[in-house]
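In case you want the letters, here they are:
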Amino acid sequence: MTPDADRDAYEARQAELLRALIRGDEFPGGFDAVKAAAAGRSLRRKRARAVAGAWPVLEIALGDGFGARFDAFARETPPPAFGFGTSDGLAFVRTLAAHELTDDVRVELLLARALVAGRAAVAMRARRGVFARAVALREPRRIVIVLRLPGIGRRGLVVPLARSR
Amino acid sequence: MSAPRTTPRLGLGVGLRPGLEWLVEQHDLGFVEVVAENVDARRPPTALLRARERGLEVVPHGIRLSLGGAARPDHRALDHLATLADRLGSPLVSEHIAFVRADGVEAGHVLPVARTRESLEIIAENVMLAQERLPVPLALEHVAAMVEWPGAELDEAAFVRELLERTGALLLLDLSNLYANAHNHGYDAVRALARFPLERIAYVHVGGGEHRDDGLYHDTHAHPVVPGVLALVEELFALADAPGVLLERDDGFPPEAELMREVLAIDAAAQRGAARRDDAGR
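The listed protein sequences derive, respectively, from chains A and B. For reference, each letter of the first sequence is one residue, going 1 to 165 in our numbering. For reference, each letter of the second sequence is one residue, going 1 to 282 in our numbering.
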């Protein structure tokens, strides 16, 4: 059996490397900085692919800026413990300015929340029970209601609002 | 040192990722692998139940146990793997020789461990703690490591061999990871292959990747399998038999026919290797 002291020192060394890989710089001594930087980039690219996969509309809304914006976010924010693309995307969305959240992104946000029940102990957990949320959109003015009902699944409902003149 | 456990014949497989559910209807396949943490063990997705109905084996593949980490493996995570294996009648489960978190920070990927005597001690203990709580054999996969720890006391094949000998775990041999490490760290993949504990193989991973401008090979699982990896499939089967070979494709999915052609190309390479082994009378 290993004494805990060994494990503490072992953990400290792994944490130092991990934090450097996430940031993409200041690698611990003895590591090949070029390869470590490539490893860090590939970690962030993997996260970006997962977020784009879970949030296709978000990637479209940000256009060419998605890659650079996400990379900057990922250097500052370690990935979540659970729900890789979905939760990471949710955290990323929270860093965006209100004007960057297009109507489509706000609907996508709601649709994602209807399916995923947030944090689970050991694995992704699908939402159970009733979910009902609404979001008011601007162009055109309408309310989108997303429901998730047991035995029925996810449904969306669009309620147009009278145009204000 | 415990004797290698017998592994069931698995045949050809593909990683069953969301978007690839059509695979469970394929007649050429004998098994699929599923990322354990993406499945609710109490309610496995229809595709997995269908796979079992069709007689395909399902191997839960863990990515978050962090057996190479400093913390002892989490009981809830192990119980999740165990429940999944029970629910799906799995012949074995697999995980990585890697760490995925440290000091409360997540990596979002499997990261390499230092190949020292000290880390071997810690990882062997973690593996044995995991095995105590699992109802089926555990196979361990060596990872693609773009970054290597300084001060290695063992090379990768020797580290893996010693870990498996000490724990009795099986080998999940990943030929793409071997190719990536050999290319990126400048050693001969075929010579390294022969030094892995091939007699302990549970199954083999083959994944796609690409050579990029930075001079490095990136193990993306989002691109086709490169010819150098297919050559390693042939070399492996020229040296030893393996109960199963599985294609890992996680992203950028090609059309169904193209993906199945890739599976059959892997099978053809394995058969070429096996024929060479027969000729050599091994």
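Simulated from the structure, these hints should not be mistaken for laboratory data. Please note: incorrect hints may appear among the correct ones.
Pairs of lysine to any residue, SDA-like flavour, derived with a Cα cap of 20 Å [unchecked claim]: (1) A/35 / B/239; (2) A/35 / B/150; (3) A/35 / B/227; (4) A/35 / B/148; (5) A/35 / B/11; (6) A/35 / A/15; (7) A/35 / A/71; (8) A/35 / A/52; (9) A/35 / A/16; (10) A/35 / B/271.
Here is how each hint holds up against the structure:
no. : hint         : verdict
1   : A/35 / B/239 : 32 Å, violated
2   : A/35 / B/150 : 13 Å, holds
3   : A/35 / B/227 : 24 Å, violated
4   : A/35 / B/148 : 8 Å, holds
5   : A/35 / B/11  : 36 Å, violated
6   : A/35 / A/15  : 18 Å, holds
7   : A/35 / A/71  : 18 Å, holds
8   : A/35 / A/52  : 25 Å, violated
9   : A/35 / A/16  : 16 Å, holds
10  : A/35 / B/271 : 36 Å, violated
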